[in-house]
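These protein sequences, in sequence, are chains F and Y.
Heads up: the first sequence begins at 1 in this note's numbering, then just goes up one per residue.
Heads up: the second sequence begins at 1 in this note's numbering, then just goes up one per residue.
Calculated directly from the structure, the hints in this document are not laboratory data.
Incorrect hints may have been included.
Since the list gives no way to pick out one identical chain from another, each pair is judged satisfied if it fits inside one copy or across any two copies.
When the alpha-carbon atoms are kept at most 30 angstroms apart in a straight line, the in silico DSS-like pairs for lysine-lysine are as follows [what the hints assert, rightly or not]:
hint, residue 1, residue 2
1, Lys-357, Lys-81
2, Lys-205, Lys-127
3, Lys-242, Lys-21
4, Lys-330, Lys-21
5, Lys-112, Lys-208
6, Lys-81, Lys-26
7, Lys-354, Lys-330
Because the structure is a prediction, the values reported are computed rather than measured.
2 protein chains.
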Amino acid sequence: MKIETNIFDFDEGIVLENGTKLSSFKLMVETYGELNESKSNGVLLCHAFSGNHHAAGKNADGLVGWWDQLVGPDKAIDTNKFFVVCCNNLGGCSGSSGPTEINPLSDEIYGKNFPQVSVEDWVNSQKMLSDRLGISKWHLVVGGSLGGMQALQWAISYPDFVNKAGILAAAAKSSTQNIAMNEVARESIRKDPNFCNGDYIKNNKRPKDGIKAARMLGHITYLSEKHMNLRFGRKYQEEGSKVSGNVDFEVENYLQYKGEKFSESFDANSYIIMTKAMDGYDIATDSKTLEKNMANIKASLLIIGFNSDWLYPPARGKEIQIAAINQNIKSSYIVLDGEQGHDSFLFHSEKYSKAIKNFIGS
Amino acid sequence: MKIETNIFDFDEGIVLENGTKLSSFKLMVETYGELNESKSNGVLLCHAFSGNHHAAGKNADGLVGWWDQLVGPDKAIDTNKFFVVCCNNLGGCSGSSGPTEINPLSDEIYGKNFPQVSVEDWVNSQKMLSDRLGISKWHLVVGGSLGGMQALQWAISYPDFVNKAGILAAAAKSSTQNIAMNEVARESIRKDPNFCNGDYIKNNKRPKDGIKAARMLGHITYLSEKHMNLRFGRKYQEEGSKVSGNVDFEVENYLQYKGEKFSESFDANSYIIMTKAMDGYDIATDSKTLEKNMANIKASLLIIGFNSDWLYPPARGKEIQIAAINQNIKSSYIVLDGEQGHDSFLFHSEKYSKAIKNFIGS
Numbered sequence: 001m002k003i004e005t006n007i008f009d010f011d012e013g014i015v016l017e018n019g020t021k022l023s024s025f026k027l028m029v030e031t032y033g034e035l036n037e038s039k040s041n042g043v044l045l046c047h048a049f050s051g052n053h054h055a056a057g058k059n060a061d062g063l064v065g066w067w068d069q070l071v072g073p074d075k076a077i078d079t080n081k082f083f084v085v086c087c088n089n090l091g092g093c094s095g096s097s098g099p100t101e102i103n104p105l106s107d108e109i110y111g112k113n114f115p116q117v118s119v120e121d122w123v124n125s126q127k128m129l130s131d132r133l134g135i136s137k138w139h140l141v142v143g144g145s146l147g148g149m150q151a152l153q154w155a156i157s158y159p160d161f162v163n164k165a166g167i168l169a170a171a172a173k174s175s176t177q178n179i180a181m182n183e184v185a186r187e188s189i190r191k192d193p194n195f196c197n198g199d200y201i202k203n204n205k206r207p208k209d210g211i212k213a214a215r216m217l218g219h220i221t222y223l224s225e226k227h228m229n230l231r232f233g234r235k236y237q238e239e240g241s242k243v244s245g246n247v248d249f250e251v252e253n254y255l256q257y258k259g260e261k262f263s264e265s266f267d268a269n270s271y272i273i274m275t276k277a278m279d280g281y282d283i284a285t286d287s288k289t290l291e292k293n294m295a296n297i298k299a300s301l302l303i304i305g306f307n308s309d310w311l312y313p314p315a316r317g318k319e320i321q322i323a324a325i326n327q328n329i330k331s332s333y334i335v336l337d338g339e340q341g342h343d344s345f346l347f348h349s350e351k352y353s354k355a356i357k358n359f360i361g362s
Numbered sequence: 001m002k003i004e005t006n007i008f009d010f011d012e013g014i015v016l017e018n019g020t021k022l023s024s025f026k027l028m029v030e031t032y033g034e035l036n037e038s039k040s041n042g043v044l045l046c047h048a049f050s051g052n053h054h055a056a057g058k059n060a061d062g063l064v065g066w067w068d069q070l071v072g073p074d075k076a077i078d079t080n081k082f083f084v085v086c087c088n089n090l091g092g093c094s095g096s097s098g099p100t101e102i103n104p105l106s107d108e109i110y111g112k113n114f115p116q117v118s119v120e121d122w123v124n125s126q127k128m129l130s131d132r133l134g135i136s137k138w139h140l141v142v143g144g145s146l147g148g149m150q151a152l153q154w155a156i157s158y159p160d161f162v163n164k165a166g167i168l169a170a171a172a173k174s175s176t177q178n179i180a181m182n183e184v185a186r187e188s189i190r191k192d193p194n195f196c197n198g199d200y201i202k203n204n205k206r207p208k209d210g211i212k213a214a215r216m217l218g219h220i221t222y223l224s225e226k227h228m229n230l231r232f233g234r235k236y237q238e239e240g241s242k243v244s245g246n247v248d249f250e251v252e253n254y255l256q257y258k259g260e261k262f263s264e265s266f267d268a269n270s271y272i273i274m275t276k277a278m279d280g281y282d283i284a285t286d287s288k289t290l291e292k293n294m295a296n297i298k299a300s301l302l303i304i305g306f307n308s309d310w311l312y313p314p315a316r317g318k319e320i321q322i323a324a325i326n327q328n329i330k331s332s333y334i335v336l337d338g339e340q341g342h343d344s345f346l347f348h349s350e351k352y353s354k355a356i357k358n359f360i361g362s
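Using the sequences plus the hints, can you model the full thing?
See below:
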């Protein structure tokens, strides 16, 4: 599989949904496979909250991409046939313009001054990337969770530029409970004294403790209760392998380990920006307006929900499907069991891969 | 209603489940109504995680008790008929021996050195209180959530001393997800720099930020998703009434407000002890052993679950009911809707109050 990683500079800048203008910006982009002559085999992957441009294969650090189970030669999204593109979203912390990057206007790190972006902003910046790549119509735009929101928004914002949209473990808006969970996570980050009111980089600090607690909570929402119970139950952690002296149960050790690891790499300001974008997303305030806003969609939709997902349960996908039906949009709605809770969208299963493969080929 | 608040000293001490001995201890106790001559009208209320001895009426600060909607003259638990007793549990922070009290052996605040207590320890200390009160058999022992675990444990530990046990919004053990949520809360507390490794009182500090984040998470688990959605939805908080500049949505404002308020009064070491006691409770590792451990119960049981409760959902009550049936224990299992999620056990509703009243009178 041919993999290329490139930075694309957009010196024309972008006006964000909230009115702020980024006078210029850059996107970190990874591509898999090759664009055909008619430029009709493009597949755009939209990443979830903590994802990035590295979706498949191994990178220089030996790290496997977040969707490697489904993207590659002969996989559900077949890189022998398709030119697959994934970019780190604006506001992220993996090379695209965001809080950890230099503000070209001030030559200082953006830090807390990076503006709040939205799902719509990401889609608009991805559209600029499409133009740069010369792709006038994506064969497929697809993503899970926050990525699914982007796929849906693509179909709404650019109806003539999307052939198919795959909306996986996603919703047309964040729920009250989604917002509440994210606010607790942000509270942990903001109250970490090393957060320095968002200026931690300037102060040579990192609010690791806050990010860790936030991610521990995140992991509870990503796993299903059933899966958590099957995997850990009430088993006690063995003495020699405790990552912290306060740990009693295996599940505590797992969360401590996962949280600590994540806190070493993810940026706190990005965490806040990404979750605020997620919370803020709402195609409509009620189903009627959801329909109205979906009225212009020309793409056919594949909506997949997972029974074990309690962050964006299947009922949220169903809302999108009902609106699609009422607007005569070609759409399929599939509910799979998914052993991994919300995270099920990341993992291969026969039914799941087949559903995506069939949708691409249909 | 006659209300008395007293401290009971137990100079004989108590050996805890983990082997530690408290050479002496005290319990802060509140009573409502009057004990009859035959001492047969005693009702013991067991409080939940953050509750205390003040269950009904108004205290000196004008604060209404946590179960005032159900306890009082002519209420579900009628103080005209019953002598109702409630004590702050060992390890709490409302006057009973706990981390904020003086260790009589050292004349210093216990702080982080207060030993880990268990549900069984609470029941044993409450049994000592019963003896002191001269109550040889409680007409009813009842509680919700962690209080329900104590009521169940009373029926198991002291089968001859309990006539009826009311187990409300409770479970025979904490689930993996319960433990996981509590661990995130404890993580927030421990990593607050003002926690000082548990020695914050000595250092004249209070880990308010950590307790606040912990309680915000708690409130998400106490409310049902449906109730949260109905109450707050995706409504934005008005500018003038935001409790923090980072707040966008009403639900964020609510959590910030509730968390802040709680952090002003509750003790961090108590938070850790109480949640560890909750996590550690498990009558059995499987339903067969649950049955075995319930075999000696002589009390009749009322088990109530609430459909909107996702912390201890009705299925957890059903497990207790099934074990009771298999052991020929007289028991009733009722599932109510409960608009308040897990917290529904605190609030009066006609069906709920009637169920408890009928059970007491049956």
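Hints, verified against the model:
1. Lys-357 x Lys-81: within (12 angstroms within a copy, 70 angstroms between copies)
2. Lys-205 x Lys-127: neither (36 angstroms within a copy, 52 angstroms between copies)
3. Lys-242 x Lys-21: between (48 angstroms within a copy, 27 angstroms between copies)
4. Lys-330 x Lys-21: neither (36 angstroms within a copy, 70 angstroms between copies)
5. Lys-112 x Lys-208: both (16 angstroms within a copy, 24 angstroms between copies)
6. Lys-81 x Lys-26: within (28 angstroms within a copy, 75 angstroms between copies)
7. Lys-354 x Lys-330: Within one copy only: 19 angstroms inside, 52 angstroms across.
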